[in-house]
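**Student:** Take the sequence shown: its letter number 27 is residue 235 in the working numbering, and every next letter is one higher.
Mixed in with the good hints there might be a few duds.
Derived Cβ-Cβ restraints for the label pairs, each shown as a range [what the hints assert, rightly or not]:
| # | residue 1 | residue 2 | range |
| --- | --- | --- | --- |
| 1 | 251 | 210 | 27 to 37 Å |
| 2 | 261 | 218 | 35 to 45 Å |
| 3 | 215 | 255 | 45 to 55 Å |
| 4 | 212 | 249 | 46 to 56 Å |
| 5 | 253 | 231 | 32 to 42 Å |
| 6 | 261 | 215 | 50 to 60 Å |
| 7 | 218 | 250 | 32 to 42 Å |
| 8 | 262 | 219 | 50 to 60 Å |
| 9 | 249 | 210 | 47 to 57 Å |
| 10 | 233 | 253 | 46 to 56 Å |
Just so you know, these hints were derived from the structure itself, not from any lab. Note that beta-carbon positions come from the ideal geometry of N, C-alpha and C, so glycine has one too.
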Amino acid sequence: MNYKEKIEEYKRIILVAKKPTNYEFKTLLKITGIGTIIIGVIGFIIKIIAVTLI
209 MNYKEKIEEY KRIILVAKKP TNYEFKTLLK ITGIGTIIIG VIGFIIKIIA
259 VTLI
């Protein structure tokens, strides 16, 4: 695939893609934040258990 075809493919993707609404953005931000916090808490608990046992 040459560069011209790649650029045309990227243009097509950009034309089809749409910017998320403010509500969608805030919802995704909340979900991502909650997921990150949950994973962090699980990792912290595992670390505390590992340090306590060693």
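**Student:** Evaluate each hint against the coordinates.
**Tutor:** Here is what the structure says about each hint:
1. 251 / 210: 27 to 37 Å: Roughly 45 Å apart at Cβ, these two residues miss the hinted range, so it is violated.
2. 261 / 218: 35 to 45 Å: violated, 51 Å
3. 215 / 255: 45 to 55 Å: Given range 45 to 55 Å: holds, Cβ gap about 47 Å.
4. 212 / 249: 46 to 56 Å: holds, 49 Å
5. 253 / 231: 32 to 42 Å: Given range 32 to 42 Å: holds, Cβ gap about 33 Å.
6. 261 / 215: 50 to 60 Å: Holds: the Cβ-Cβ distance is about 56 Å, inside 50 to 60 Å.
7. 218 / 250: 32 to 42 Å: With Cβ atoms ~38 Å apart, the hint holds.
8. 262 / 219: 50 to 60 Å: holds, 56 Å
9. 249 / 210: 47 to 57 Å: The hinted range 47 to 57 Å holds for residue 249 and residue 210, with Cβ atoms some 49 Å apart.
10. 233 / 253: 46 to 56 Å: Violated, since residue 233 and residue 253 (Cβ atoms, about 31 Å apart) do not stay within the stated range.
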